[in-house]
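Asker: Residues per chain, in single letters:
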Amino acid sequence: MSGGLNLTLRVWRQNGPGDKGRIEEYQAKDINPNKSFLEMLDVVNEGLITSGQDPIEFDHDCREGICGMCSLVINGNPHGPERGTTTCQLHMRSFSDGDVITIEPFRAGAFPVLKDLMVDRSAFDRVTQAGGYVSIRTGAAPDAHATPVGKENADAAFDAATCIGCGACVAACKNASAMLFVGAKVTHLSLLPQGQPEREERARNMVKQMDEEGFGNCTNQYECEAACPKEISRNVISNMNGDFLLASLRK
Amino acid sequence: MQLDAKIPSGPIAEKWDKHRFNLKLVNPANKRKYKIIVVGSGLAGGSAAATLGELGYNVDCFCFQDSPRRAHSIAAQGGINAAKNYQNDGDSVYRLFYDTVKGGDYRSREANVHRLAQVSVNIIDQCVAQGVPFAREYGGLLANRSFGGAQVSRTFYARGQTGQQLLLGAYSALSRQISVGQVNMHTRHEMLDIVVQDGRAAGIVTRNLITGEIRSHAADAVVLATGGYGNVFYLSTNAKGCNVTATYRAYKKGAGFANPCYTQIHPTCIPVKGDYQSKLTLMSESLRNDGRVWVPLNKGDKRPPDQIPEEERDYYLERKYPSFGNLVPRDVASRNAKLVCDDGRGVADSGYGVYLDFRDAINRLGEDAIRARYGNLFHMYQKITADNPYKTPMKIYPASHYTMGGLWVDYNLMSNLPGLHVIGEANFSDHGSNRLGASALMQGLADGYFVLPYTIGQYLAQHGYGNTDNTGEAFKDAENEAQARIDKLLSINGKRTPDSFHREMGKLVWDKCGMARNEAGLKEAIEKIPAIRAEFWENVAVVGGGEGINANLERAGRVADFLEFGELLCRDALERRESCGGHFREEHQTPEGEALRDDENFCHAAVWEYQGQNATPKRHQEEMTFENVKLTQRSYK
Ligand SMILES: Cc1cc2nc3c(=O)[nH]c(=O)nc-3n(C[C@H](O)[C@H](O)[C@H](O)COP(=O)(O)OP(=O)(O)OC[C@H]3O[C@@H](n4cnc5c(N)ncnc54)[C@H](O)[C@@H]3O)c2cc1C
Ligand code: FES
Numbered sequence: 012m013s014g015g016l017n018l019t020l021r022v023w024r025q026n027g028p029g030d031k032g033r034i035e036e037y038q039a040k041d042i043n044p045n046k047s048f049l050e051m052l053d054v055v056n057e058g059l060i061t062s063g064q065d066p067i068e069f070d071h072d073c074r075e076g077i078c079g080m081c082s083l084v085i086n087g088n089p090h091g092p093e094r095g096t097t098t099c100q101l102h103m104r105s106f107s108d109g110d111v112i113t114i115e116p117f118r119a120g121a122f123p124v125l126k127d128l129m130v131d132r133s134a135f136d137r138v139t140q141a142g143g144y145v146s147i148r149t150g151a152a153p154d155a156h157a158t159p160v161g162k163e164n165a166d167a168a169f170d171a172a173t174c175i176g177c178g179a180c181v182a183a184c185k186n187a188s189a190m191l192f193v194g195a196k197v198t199h200l201s202l203l204p205q206g207q208p209e210r211e212e213r214a215r216n217m218v219k220q221m222d223e224e225g226f227g228n229c230t231n232q233y234e235c236e237a238a239c240p241k242e243i244s245r246n247v248i249s250n251m252n253g254d255f256l257l258a259s260l261r262k
Numbered sequence: 004m005q006l007d008a009k010i011p012s013g014p015i016a017e018k019w020d021k022h023r024f025n026l027k028l029v030n031p032a033n034k035r036k037y038k039i040i041v042v043g044s045g046l047a048g049g050s051a052a053a054t055l056g057e058l059g060y061n062v063d064c065f066c067f068q069d070s071p072r073r074a075h076s077i078a079a080q081g082g083i084n085a086a087k088n089y090q091n092d093g094d095s096v097y098r099l100f101y102d103t104v105k106g107g108d109y110r111s112r113e114a115n116v117h118r119l120a121q122v123s124v125n126i127i128d129q130c131v132a133q134g135v136p137f138a139r140e141y142g143g144l145l146a147n148r149s150f151g152g153a154q155v156s157r158t159f160y161a162r163g164q165t166g167q168q169l170l171l172g173a174y175s176a177l178s179r180q181i182s183v184g185q186v187n188m189h190t191r192h193e194m195l196d197i198v199v200q201d202g203r204a205a206g207i208v209t210r211n212l213i214t215g216e217i218r219s220h221a222a223d224a225v226v227l228a229t230g231g232y233g234n235v236f237y238l239s240t241n242a243k244g245c246n247v248t249a250t251y252r253a254y255k256k257g258a259g260f261a262n263p264c265y266t267q268i269h270p271t272c273i274p275v276k277g278d279y280q281s282k283l284t285l286m287s288e289s290l291r292n293d294g295r296v297w298v299p300l301n302k303g304d305k306r307p308p309d310q311i312p313e314e315e316r317d318y319y320l321e322r323k324y325p326s327f328g329n330l331v332p333r334d335v336a337s338r339n340a341k342l343v344c345d346d347g348r349g350v351a352d353s354g355y356g357v358y359l360d361f362r363d364a365i366n367r368l369g370e371d372a373i374r375a376r377y378g379n380l381f382h383m384y385q386k387i388t389a390d391n392p393y394k395t396p397m398k399i400y401p402a403s404h405y406t407m408g409g410l411w412v413d414y415n416l417m418s419n420l421p422g423l424h425v426i427g428e429a430n431f432s433d434h435g436s437n438r439l440g441a442s443a444l445m446q447g448l449a450d451g452y453f454v455l456p457y458t459i460g461q462y463l464a465q466h467g468y469g470n471t472d473n474t475g476e477a478f479k480d481a482e483n484e485a486q487a488r489i490d491k492l493l494s495i496n497g498k499r500t501p502d503s504f505h506r507e508m509g510k511l512v513w514d515k516c517g518m519a520r521n522e523a524g525l526k527e528a529i530e531k532i533p534a535i536r537a538e539f540w541e542n543v544a545v546v547g548g549g550e551g552i553n554a555n556l557e558r559a560g561r562v563a564d565f566l567e568f569g570e571l572l573c574r575d576a577l578e579r580r581e582s583c584g585g586h587f588r589e590e591h592q593t594p595e596g597e598a599l600r601d602d603e604n605f606c607h608a609a610v611w612e613y614q615g616q617n618a619t620p621k622r623h624q625e626e627m628t629f630e631n632v633k634l635t636q637r638s639y640k
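Protein chains in written order, with the numbering used here: chain A, 12 to 262; chain B, 4 to 640.
Fair warning: there could be bad hints in the mix.
The list that follows gives simulated cross-link-like pairs (lysine-lysine, DSSO-like), each with its CA atoms no further than 30 Å apart [as the list claims (entries may be wrong)]:
no., chain 1, residue 1, chain 2, residue 2
1, B, K323, B, K302
2, B, K526, B, K640
3, A, K40, B, K34
4, B, K255, B, K276
5, B, K531, B, K479
6, B, K323, B, K640
7, B, K633, B, K105
8, B, K341, B, K255
9, B, K341, B, K479
10, A, K185, A, K162
11, B, K479, B, K510
12, B, K640, B, K621
13, B, K255, A, K162
14, B, K386, A, K185
15, B, K27, A, K40
16, B, K302, B, K255
17, B, K36, B, K256
18, A, K40, B, K498
19, A, K40, B, K36
20, B, K394, B, K255
21, A, K162, B, K394
Source of the hints: derived by calculation from the structure; they are not laboratory data.
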């Protein structure tokens, strides 16, 4: 067994939203440390499939840390132990031979489990639909150079806009708050001149939808910031609160 | 098969304006009576669905991910081209047009490419207005860089995450239309078939990936925006879910598949390590602006890179192509990497890798400047390889990345199957046999925001509205067929996973129909693929049931289509007895080893018509005529 890792996986299995769910154990044998975490799960699944057992369902797509489709709580940490890293970019060299690894879904009332490690994050889409945009029709735009944007603001807007919508912030928060996610979008647009006309309305509508979806309140623990694979700053939350406050004062 | 490209007459620069004027318009009051299906929510599908919704059409949009924001466009790194000439370096619509036709090695349609260059400028305006945070200069204006083979700086970018920011822009526009009820979004739905009724595309069949429900949807027109088929090689830079199913199913229902052999192998990806890998990761080619590509001069030189002195390094691109150097187009860069590795001078464990070295750029500009340009890419590289590219050169190797081939479409982006429109990477596109860097994002958004929303009106106005009844026989047949296929997959109870078949065929197709192709190899592949396919249908392991979530079943269905499509790819490559762009036939090269076209016999798009299971498909041709750009041997010397 040339440098391969032998691991015990404790994996959350749940047949559907109505099922109670349970942890089951699997052995992952002789895993090359250069594999990604999801490639390790692929191997376990291939073994399950060829022995006629149901493979472990998990979401993934790009496998390069940008689509936000992968999730998983690994040993209690959304996206695993490495900072600024999605599960798909986590590599097995972060683990040691003999490790026991517990793998659970992102848990939150607003993210019901669909099956095993897959959850329903459509609440994020609905929050965006409530106002995470600039109302501009195709074809109605002025020349791109008509409005200069200072580099500092443009860069800060970009930093907020790098959110991949994975939901790790929610999974990390004991209140299942979505403030980092919503704050990131509000901040991105409120730093740009294009976002100004709808600034307050946007904050108000997105926050309203966020509450309706059942996301919790922020109690300033900032577990979200620590779990965010894109390392979005907690400052987006205070920006959002500022816009929201303005909106409420003016209403 | 009728292939009328419907190219408008008149001078190239006036065709689009004239055509727009001549297109039939749909009465604004009637738009709400039409229903349009858009399959795909990437740059092409997302922008089209949003724009059609804004125009007042009722849109049903489908994607297989859990959110439209996750389409694979999100992964594009480097940038998007537009002929804005903001840098005052001599760019123009005509130059972008010219570069794209030349870069595509004269295998694209002039009229389409010119239109693409024309609308490119509107795309940037649109995206900025949506709040896309493009990189800016200190004065507050947009920054540009030069990209893959262009000698002007026309590429707009958002650090190394341009695709993400553009897609989030389209997603925001789409979200707005969803919120007002113009677009009905169906996430976690996979399209399994096209429904053809009365000779037109009348709808689609989908599987709900949560409940397993198979059902059909009828509409007045169908738009496919389902992306490329680069995963035919198994290993590629595409997302795991990228598939050929939608376009291949349309092909089986009568839509022509054009130029499947035009695949783009991207020169700068992280090399393969071991045989367990599930995908390859691209390192944006913007890195070639500052990184220098080299291999050891001597075969078998195993010293670490920092111990190889300057005179024993071969900066082969700079040596062979002094005027373009490291910025030669992708096909040229990829092929040369293969050549030096085949020559025994490759690096990386497998011997299939070359260095991309930032030492000189860091010395010249400082580490901070390099971090500002490529920080996230360097970070990603380090995550995957555990090497630090600020200290030691990256190792890179070509990988499958993009597919220029796709469903044939006319100037209106409609396939030969009336009502079926195809946009983005899924169509046979404007890139001929090789796509220039930063031009796919441009094409996807051009198609979705600025072309299809006009041209589809022509079909709709002629065809009328209200075709939303999905109870006809054609619908039921298509539903039953889809169900039968799933039942069949579930009943095999074999021993091999779908992925193992995909890997086997992918390797075969990569070896025989990848960066270099020859007659014997292609014939061998065409002979072997049916055997892999036959084993698949006898020995594939699909567990669980058809109801509910079953990723194993989803993969099996997609792999089954790749196993048929791989053969079509090789057949097209075999019949195209010339080299052009990304299609390199070893029998056809210049004495210097460059691609040698045969304009007399192959200046056409090859369009394949399905003839039935296990029958050889029929090859048709659309001649490409060049009235504005003179055909020359491409030279980047
Ligand atoms: C790693 C990478 C980097 C790139 N970088 C650049 C770059 O810098 N510049 C550039 O110009 N281009 C780049 N490209 C190319 C470019 O990103 C793509 O060509 C382009 O984004 C494709 O967009 P699309 O809308 O056609 O397809 P996609 O974005 O792939 O979208 C396809 C959509 O179709 C849906 N779909 C597919 N099949 C089905 C089905 N059967 N049923 C239902 N829905 C389905 C998917 O859910 C998705 O919504 C890059 C590509 C890759 C892989
Ligand atoms: S799979 Fe796309 S971010 Fe992990």
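Asker: Hint by hint, note whether the structure agrees.
Answerer: Hint by hint, here is what the structure shows:
1. B:K323 <-> B:K302: 19 Å, holds
2. B:K526 <-> B:K640: 34 Å, violated
3. A:K40 <-> B:K34: Not satisfied, since the Cα-Cα distance of roughly 59 Å exceeds 30 Å.
4. B:K255 <-> B:K276: The hint is violated at about 36 Å.
5. B:K531 <-> B:K479: Not OK: K531 of chain B and K479 of chain B at ~35 Å, beyond 30 Å, violated.
6. B:K323 <-> B:K640: 7 Å, holds
7. B:K633 <-> B:K105: 9 Å, holds
8. B:K341 <-> B:K255: Violated, at about 35 Å.
9. B:K341 <-> B:K479: Violated, at about 50 Å.
10. A:K185 <-> A:K162: Distance ~36 Å between K185 of chain A and K162 of chain A Cα, so the pair is violated.
11. B:K479 <-> B:K510: Outside the cut-off at roughly 38 Å; violated.
12. B:K640 <-> B:K621: 39 Å, violated
13. B:K255 <-> A:K162: Given pair K255 of chain B, K162 of chain A is violated - Cα atoms ~51 Å apart, limit 30 Å.
14. B:K386 <-> A:K185: Holds. K386 of chain B to K185 of chain A sits at ~29 Å (cutoff 30 Å).
15. B:K27 <-> A:K40: 64 Å, violated
16. B:K302 <-> B:K255: It is violated: about 48 Å lies between the C-alpha atoms, which goes past 30 Å.
17. B:K36 <-> B:K256: Answer holds: K36 of chain B to K256 of chain B is near 27 Å, not above 30 Å.
18. A:K40 <-> B:K498: 20 Å, holds
19. A:K40 <-> B:K36: 59 Å, violated
20. B:K394 <-> B:K255: Roughly 52 Å between the alpha carbons, so the hint for K394 of chain B and K255 of chain B is violated.
21. A:K162 <-> B:K394: 29 Å, holds
Against the hints set out earlier in the document, violations occur for numbers 2, 3, 4, 5, 8, 9, 10, 11, 12, 13, 15, 16, 19 and 20.
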